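Asker: Heads up: the protein sequence lines correspond to chains A and B, in order.
With positions in the first sequence counted from 1, the corresponding number in our numbering is that position plus 57.
With positions in the second sequence counted from 1, the corresponding number in our numbering is that position plus 69.
FYI, nobody ran anything at the bench for these hints, they're computed from the structure.
The structure presented is a predicted model; accordingly, all values stated were derived computationally and were not measured.
Heads up, a few of these hints could be off.
Unchecked claim - On the chain A side, residues computed to face chain B include the following (Cβ under 8 Å):
1. S119
2. G123
3. Y231
4. D235
Said to hold, decoys possible - Sample of chain A residues with no beta-carbon within 12 Å of chain B, all distances over it, derived:
5. K73
6. L182
7. D194
8. H229
9. S250
10. L255
11. S306
12. P400
13. F402
14. G430
Positions of the beta carbon are idealized from the N, C-alpha and C atoms, including for glycine.
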Amino acid sequence: MMEFMEGSHAVAHAVKYCRPQVIAAYPITPQTHIVEALADMVANCHLDAEYITVESEFSALSACLGASAAGSRVYSATTSQGLALMFEVCFNCAGMRIPVVMSIVNRALGAPLSIWNDQQDSISLRDSGWLQFYAEDNQEATDLHYLAYKVAEDRNILLPAFVCFDGFILSHTYEPVDMLNQDQVDSFLPPYSPVQRLDSEDPMSFGLFASPDYYTEFRYQIDKALKDATKKISLAGKEFGEMFGRDYSEMVEAYRMDDADCALVAMGSICGTVKDAIDEMRKDGKKVGLLKLRTFRPFPEKEVRKALLGVSRVAVLDKNISLGAKGAVALEVKDALYGSMIPVFDYIIALGGRDVRKKDIRSVVDLAEKGKGDLFYGLRQEVLE
Amino acid sequence: MTAAELIAVAAFAGGVFAQAFPAFGVERRGAPVQAFVRFDNQKVRLRSQVYEPDYIIVQDSSLIRDVNVFQGLKQGGIVIVNTEKAISYPIPPGVKVITIDATSIALKHLGLPITNTTLMGAFAAASREIGLQALEGAIRQRFSGELADKNVAAAREAYEHVKGVS
């Protein structure tokens, strides 16, 4: 049913329908509305879950790790500095094959302190072994939670998942969302059935010491599971589409790419603005398209290569920077296109909440046409002097 | 933000796509804040702030001294200002300004100088973008019981007032 809701509340309801048994989270702007709503639901007996209040994000994810190891479906949400504090536990979740699902309400990392949006936080956990989904709008922000649990808990995957959506830009925006109901979600997402769990009747250990004879094989298996998730995401996304009409079988979405000369590549809420800008540019005769990435880990290398072969140039919009190198998305896109000779230009944009307008997207396309790229877009020279 | 949210809820109830969001700042009561609303017959995909509005609602007229609230307003645009006084500052050409003493109306009905629902009523009458029924529905969705009744009464008075002068 179409409902007009704030993004955070839509996500909180989606999480409720996933029937998490244990929730542990520490409030931090702009994630707060989600965990407040879930705490309310638990306190008012609308959600049968254990809500563990903790003193830090490190403890929040540690509590989730323990509860998941004991066989529960778990949930957390965080952002920015909170995610940074979880760094160690993030790697442990992936290494112990713990299918936590966590919302990342994307926000810039300090210093300097910024409460505003970019995607540096989740991108900085790129190598941690978590699945990473990115939502364009609040519809995707809700739907991707159902998908994330389904894939994360798959017996052949068993990896944790981030569902990333842009802080404030989506989390604090009211817009229509087609909310599934409990029965619909139940029919898509069965209860979590762990392969192994902590059980005093049948004791076992998770995350033990690995000598050099074993460590590499553990890492290989995590990497293999994450790559295998490509297929699972596609299957689960197809099933979701058949059941509810929104197909997520592709990890990328091509917008007006058929005859595109210049392809923009982006993730998250900026894609909506890009689509509107493309419609305007198309009216002016410019052949521009968008390749939206809905999944960043596993990276949909084949889909990206297939979609971009044939364009004359690629302009990547990166709301992050791997300092000392390039934006993380551009690095992956270049890798996917290796050997093709298609120029890939990187634009670091929308950091720390700087607003992006349609005219900015047009400027990026103009820069790419002039062969100017690999730069911070819209730098204010007067601030630098 | 509450006013923006309520306007968007009412517009959505009226059958159009809507989007409402705050200009994200350090949110604390009493600080100058901005919020934006878009509505369209198609899904609203654009995420940038609104730079060229059709309508502007000024909740606190004392801000006009510090902020150019008319910036970007389209030709033929409407500005609704909450003030008990006549407008004494220059109004750009091609702009219609409607003043309403929303604070007094809010005080009368709610006992508090919270003008969201009052200005929403004024906006509905001035813009004709949302109907009185959708407006009432949005208020009753957000508030309940006596508080909803009081807010509806405030919105109605503002609606009738603006309808009378515009």
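Asker: Against chain B, with CB atoms and a cut of 8 Å, does the hint on Y231 (chain A) hold up?
Answerer: 4 Å, holds
Asker: When you look at the beta carbon of F402 (chain A), is every beta carbon of chain B farther off than 12 Å?
Answerer: Nearest chain B Cβ is 22 Å from F402 (chain A), so the label holds.
Asker: So, as I understand it, the hint says D235 (chain A) touches chain B; can you test that by seeing if any CB pair is closer than 8 Å?
Answerer: 11 Å, violated
Asker: Check the non-interface label on L182 (chain A): least C-beta distance to chain B beyond 12 Å or not.
Answerer: It holds; L182 (chain A) is separated from chain B by about 23 Å at its closest Cβ, greater than 12 Å.
Asker: Minimum Cβ separation between S250 (chain A) and chain B greater than 12 Å?
Answerer: 38 Å, holds
Asker: With 12 Å as the threshold, tell me whether D194 (chain A) passes as away from chain B on beta-carbon distances.
Answerer: Non-interface label fails for D194 (chain A): nearest chain B Cβ at 8 Å, not farther than 12 Å.
Asker: Are S119 (chain A) and chain B close enough, Cβ to Cβ, to be under 8 Å, as the hint says?
Answerer: 30 Å, violated
Asker: Hey, is K73 (chain A) genuinely clear of chain B, shortest beta carbon separation above 12 Å?
Answerer: 20 Å, holds
Asker: Is it correct that the beta-carbon of H229 (chain A) has no partner in chain B closer than or equal to 12 Å?
Answerer: Per Cβ check, H229 (chain A) is inside 12 Å of chain B; nearest 6 Å; violated.
Asker: Beyond 12 Å on every Cβ pair: is that true for L255 (chain A) relative to chain B?
Answerer: 41 Å, holds
Asker: With 12 Å as the threshold, tell me whether P400 (chain A) passes as away from chain B on beta-carbon distances.
Answerer: 27 Å, holds
Asker: Answer holds if the nearest beta-carbon of chain B is closer than 8 Å to that of G123 (chain A); otherwise answer violated.
Answerer: 34 Å, violated
Violated hints for the displayed structure, listed by number in ascending order: 1, 2, 4, 7 and 8.
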